[in-house]
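**Q** Chains A, B, C and D supply the protein sequences, listed in that same order.
Heads up: the first sequence begins at 1 in the numbering used here, then just goes up one per residue.
Heads up: the second sequence begins at 1 in the numbering used here, then just goes up one per residue.
Heads up: the third sequence begins at 1 in the numbering used here, then just goes up one per residue.
Heads up: the fourth sequence begins at 1 in the numbering used here, then just goes up one per residue.
Bear in mind the hints are in silico, worked out from the structure with no lab data behind them.
Cβ coordinates follow ideal geometry from the N, Cα and C atoms, glycine included.
There could be a bad hint or two in this list.
Claimed, not checked - For each label pair, taking beta carbons as the anchor points, the in silico distance ranges come out as: (1) C/E163 with D/R91: 52 to 60 Å; (2) D/T86 with C/V239: 54 to 62 Å; (3) C/R224 with B/K89: 57 to 65 Å; (4) A/N192 with B/I169: 56 to 64 Å; (5) D/A223 with A/R138: 49 to 57 Å; (6) D/E191 with C/R265: 35 to 43 Å; (7) C/A53 with D/G214: 17 to 25 Å; (8) D/R91 with A/P83: 33 to 41 Å; (9) B/G290 with C/H52: 28 to 36 Å; (10) D/S69 with A/P23: 23 to 31 Å; (11) C/K89 with B/E174: 50 to 58 Å; (12) C/H219 with A/R95: 27 to 35 Å.
There are 4 protein chains.
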Amino acid sequence: MTSTTSIASLAANSRAVLLIDCPDQKGLVARVSGLLYAQGANILHADQHQDHALGLFFMRVEWAIDSLSAEEGIPAFAEAFAPLATELKMRWQLRLMQRRPRVALFCSQYLHCIADLLYRASAGELSCEIAVIVSNHREVETLAAFHGIRFEYVPVTPATRAEAEAQQIALLSELDVELVVLARYMQILTENFVAQYPAAIINVHHSFLPAFIGARPYHAAHARGVKLIGATSHYVTSVLDDGPIIEQDVARISHRDQVEDLVARGRDLERIVLSRAVRWHLEQRILCYGNKTVVFD
Amino acid sequence: MTSTTSIASLAANSRAVLLIDCPDQKGLVARVSGLLYAQGANILHADQHQDHALGLFFMRVEWAIDSLSAEEGIPAFAEAFAPLATELKMRWQLRLMQRRPRVALFCSQYLHCIADLLYRASAGELSCEIAVIVSNHREVETLAAFHGIRFEYVPVTPATRAEAEAQQIALLSELDVELVVLARYMQILTENFVAQYPAAIINVHHSFLPAFIGARPYHAAHARGVKLIGATSHYVTSVLDDGPIIEQDVARISHRDQVEDLVARGRDLERIVLSRAVRWHLEQRILCYGNKTVVFD
Amino acid sequence: MTSTTSIASLAANSRAVLLIDCPDQKGLVARVSGLLYAQGANILHADQHQDHALGLFFMRVEWAIDSLSAEEGIPAFAEAFAPLATELKMRWQLRLMQRRPRVALFCSQYLHCIADLLYRASAGELSCEIAVIVSNHREVETLAAFHGIRFEYVPVTPATRAEAEAQQIALLSELDVELVVLARYMQILTENFVAQYPAAIINVHHSFLPAFIGARPYHAAHARGVKLIGATSHYVTSVLDDGPIIEQDVARISHRDQVEDLVARGRDLERIVLSRAVRWHLEQRILCYGNKTVVFD
Amino acid sequence: MTSTTSIASLAANSRAVLLIDCPDQKGLVARVSGLLYAQGANILHADQHQDHALGLFFMRVEWAIDSLSAEEGIPAFAEAFAPLATELKMRWQLRLMQRRPRVALFCSQYLHCIADLLYRASAGELSCEIAVIVSNHREVETLAAFHGIRFEYVPVTPATRAEAEAQQIALLSELDVELVVLARYMQILTENFVAQYPAAIINVHHSFLPAFIGARPYHAAHARGVKLIGATSHYVTSVLDDGPIIEQDVARISHRDQVEDLVARGRDLERIVLSRAVRWHLEQRILCYGNKTVVFD
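From just these sequences and the hints, can you work out the full model?
**A** Written out as structure tokens, the structure is:
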């Protein structure tokens with residue numbers, strides 16, 4: 001939208017990112033960076049992390065690619081990298097940044113998070129294609145239409161949950177969705193759904209986890225008399241509000257704030273932590289391990 | 001220590017503070033402020049709060065007193081105020097700010113909080129008399145000596161807890177202690193001890209309560225993979241880490257931080273939230289109700 | 001939009017707010033609250049502030065009004081209050097909260113702030129009528145149409161500034177606009193325009209004022225190597241970026257952040273500080289004095 | 001002091017850190033990490049940064065050294081590294097972390113910052129030897145004695161500045177001081193003094209630079225009506241309050257806060273930003289370039 005954003009977008013188009021995690025051992029940085037050097041890669045950013053207690057090594061490398069040859073360059077690099085990755089027992093993800101992942105947004109009747117994500121996507125802050133908006137309510141329909149995004153109304157009741165999820169999963173599959181964002185979607189996904197998208201479903205919970213797990217956290221925060229409220233974005237696992245935390249933030253409150261004030265203050269926190277998590281995921285900055293995340297910034 | 005501090009201290013010496021809580025009804029502000037006006041009080045600060053859900057009213061008023069007549073002025077005002085307080089079912093506390101409350105500091109082997117409090121007291125940031133330092137360890141002894149404060153070594157084991165607490169309570173009583181500050185005191189006080197000092201024992205817990213109640217909260221925070229760590233100061237009740245919260249603060253951490261980094265970052269948070277709680281208590285800014293606090297700032 | 005918001009909105013509809021500033025003297029709280037009590041007002045919130053150095057007194061009182069008689073109640077209260085106000089040399093503003101002020105939003109080609117304000121208004125977070133959107137660019141036109149708000153395109157060049165402002169002022173006058181919000185409007189208003197709306201034009205500046213006054217503050221911040229960036233909302237006066245500050249916030253940056261990262265991080269700050277300022281203004285929480293603000297929270 | 005700190009200290013004793021900056025070119029990471037691998041180094045942390053606009057490359061590498069052979073290992077590594085450094089036009093610093101730099105603390109009559117640094121040093125939070133405390137006042141003398149640190153009283157007047165500085169420089173030289181910390185030292189050092197310690201004098205300024213440069217920044221902040229106050233730690237250059245910024249932090253204030261409240265709130269900010277800067281410097285985390293810093297965290 002702005003000239004600055006355009007420049008950043010252009011630049012992003014001709015970049016590749018490699019994410020690695022593997023057992024730690026001497027020489028990993030030397031061997032990965034040596035291979036990149038041999039391939040003529042111009043490294044723009046490189047970041048590593050070791051978890052000494054678990055003996056794990058994590059790395060993110062971002063390099064410039066001549067945009068004319070980018071489509072061919074990625075498979076060529078992958079071919080050259082594969083033997084090293086096998087030898088060093090690496091899990092790895094390689095992505096050409098100009099390929100924009102396809103995303104599904106789920107919401108219910110509260111629209112502040114999804115409206116924020118839609119604005120950011122339209123303004124170039126999020127590098128993705130929003131393939132569909134799914135909701136068990138109809139409030140979001142007008143907003144979807146304004147942004148020209150397909151809307152699917154999928155009502156959910158305890159009795160129809162299995163059927164509704166089957167419909168959702170078929171839709172996501174049909175649309176080649178790689179990331180599901182729960183933007184205040186007030187239904188709990190089944191283990192079956194979650195298993196289809198490991199480390200690819202991002203949720204926002206309106207508390208500073210692990211405090212106030214479950215329903216009505218602002219009411220619980222008010223009852224406990226805390227002096228700060230928080231919000232948390234995390235990957236969804238089969239345990240409620242327990243997945244790897246991506247981002248958290250807090251805001252100061254006082255005795256003057258009633259529950260409805262916490263709800264209002266919290267909306268800004270929710271927007272911020274959810275949009276950061278989605279952006280970092282799309283920029284290939286996040287690695288999950290155990291129940292935690294490494295976020296390369 | 002500084003001219004600014006000196007001026008503030010002087011000013012504090014000739015002030016009175018009235019703290020009130022009572023059932024809410026129309027006209028409370030008018031009647032209290034009307035009485036103060038009739039008494040010739042020059043109000044410096046006034047703050048009110050209503051809890052509409054519970055139907056409660058809270059008020060803090062601070063006014064200037066001619067320091068020559070302050071000693072007589074307080075009883076005279078109390079006499080004038082008592083009938084109104086009775087009529088309106090008020091609980092109230094009245095204090096001449098030049099009277100400095102007597103405080104006992106408890107600690108164990110970690111000294112960062114108590115060293116901070118001692119420095120602040122010596123620099124005039126805390127308006128109190130530190131009557132005694134009590135510890136189940138001897139690490140603090142040198143520091144106590146440097147500040148010229150009485151030190152009492154009271155070892156505690158499960159077998160001797162009752163006896164140790166009896167010794168502590170006798171000491172506090174003998175020294176007319178009004179406030180007990182647990183500056184990382186790693187022993188749990190019994191219900192009997194707590195009952196002696198209602199809303200007059202301040203503890204610091206090294207987590208963002210109610211997350212990570214109990215022992216080793218930094219280890220728990222690291223295991224959960226949170227992105228912010230916190231600290232909480234609160235009044236002690238008979239339920240562990242459950243008393244009314246006075247202040248909380250947080251700091252951002254990342255995947256690079258190990259448990260010992262959280263411990264180090266957390267020390268600064270603990271100092272800040274504990275010293276604020278103690279200062280606000282000494283300045284008569286805190287009212288407890290239910291399991292919450294009103295902090296007039 | 002949500003049940004919580006609806007309840008808050010209903011409640012706001014039957015409230016009155018009185019804002020006062022006057023020379024300080026004994027008994028002000030008593031006399032104002034006494035009058036309110038005599039009028040049968042049920043005070044919901046009351047807050048006072050004294051500037052001892054300048055000898056000024058500030059007060060905000062909010063009380064419940066029976067919504068059936070609210071329209072008559074306000075003039076009746078005003079009549080009763082006027083003699084006291086005259087005697088005590090008060091400046092005062094009285095408003096029935098169900099009357100929603102009419103607002104004009106100005107923007108240029110960057111839409112993040114105006115999109116945020118429009119969303120908040122539509123979601124019930126801002127109690128106002130948005131009468132018109134004015135821009136020297138056409139980027140906002142689609143957004144205005146989506147929200148069903150009149151859009152006026154008023155191009156501005158140095159040569160046509162006087163004429164453009166005359167057109168803007170006529171428009172604002174015709175539409176009974178009480179508040180002008182500059183949501184990243186990249187034109188400097190003349191002294192003549194500013195004089196028409198004293199303490200009624202709110203601007204957002206993308207720096208932590210008074211650092212980095214003027215154009216391209218993110219570039220200046222990057223060049224200076226600061227570790228935090230900020231944003232500031234303030235009332236507009238005839239001196240550039242110098243009016244009374246309403247709200248400020250900051251975000252941490254690092255050496256990894258380039259100017260375009262500061263711009264992106266800053267957008268969130270700008271949204272937050274501008275929307276808070278507008279909300280506080282609409283809730284009658286702000287008093288200007290000298291070149292500063294009192295914000296009753 | 002704590003078991004955690006002891007473990008961290010032990011670990012620090014057997015580590016080496018290499019800091020590099022040089023013109024950017026392809027293959028730098030590969031060549032440096034390749035050399036380290038060839039030398040058998042076990043890399044614990046590695047971090048790089050490129051300034052693309054200026055074409056500069058920065059790197060920090062930390063690796064484990066067998067503590068028995070550490071004294072010989074460092075010169076051996078330096079010898080192996082020198083040819084590469086010359087070829088790639090590197091500036092580099094290599095340090096065995098068990099060697100604790102010698103530090104001089106300067107202060108005037110305000111003791112909050114120096115008291116904080118002394119406590120942190122005694123508690124093991126700062127890995128250094130405090131060689132001397134220098135002051136133009138005598139307030140700090142008791143504190144110095146308590147910590148067993150040499151105290152030098154060096155009064156300064158405009159007439160005696162040159163002589164006083166000559167005495168200070170001789171003292172620092174005699175004591176092999178490598179870092180000078182100005183812990184609220186209220187004298188301006190001459191260009192001559194500053195030139196002796198490039199990027200080795202750390203100051204704390206009690207504002208959010210570049211706002212409120214010079215004397216009495218809290219008064220200036222109060223007069224401007226800002227809503228946040230700040231503090232800044234930076235390296236000292238010959239231009240007042242203009243050197244490379246190391247760390248900044250802010251705290252929220254309100255209209256209720258008078259200048260003396262800003263002073264009190266600011267003390268905590270000053271302690272935090274100064275102690276962080278000193279710790280990061282001692283841990284070899286800071287590289288200066290132009291008028292900015294890279295801080296590897």
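**Q** With reference to the structure, classify each hint as holding or not holding.
**A** Now the hints, each set against the structure:
1. C/E163 with D/R91: 52 to 60 Å: 59 Å, holds
2. D/T86 with C/V239: 54 to 62 Å: This hint holds: roughly 55 Å between Cβ atoms.
3. C/R224 with B/K89: 57 to 65 Å: 59 Å, holds
4. A/N192 with B/I169: 56 to 64 Å: At roughly 59 Å between Cβ atoms, B/I169 and A/N192 fall inside 56 to 64 Å, so the hint holds.
5. D/A223 with A/R138: 49 to 57 Å: Holds - the Cβ-Cβ distance for D/A223 and A/R138, about 54 Å, lies within 49 to 57 Å.
6. D/E191 with C/R265: 35 to 43 Å: 36 Å, holds
7. C/A53 with D/G214: 17 to 25 Å: Holds, at about 22 Å.
8. D/R91 with A/P83: 33 to 41 Å: The hint (33 to 41 Å, Cβ to Cβ) holds, given that D/R91 and A/P83 are roughly 37 Å apart.
9. B/G290 with C/H52: 28 to 36 Å: Roughly 35 Å apart at Cβ, these two residues keep to the hinted range, so it holds.
10. D/S69 with A/P23: 23 to 31 Å: 27 Å, holds
11. C/K89 with B/E174: 50 to 58 Å: About 56 Å separates the Cβ atoms of C/K89 and B/E174, which means 50 to 58 Å holds.
12. C/H219 with A/R95: 27 to 35 Å: Given range 27 to 35 Å: holds, Cβ gap about 31 Å.
Comparing the model with each numbered hint stated earlier shows that all of them hold.
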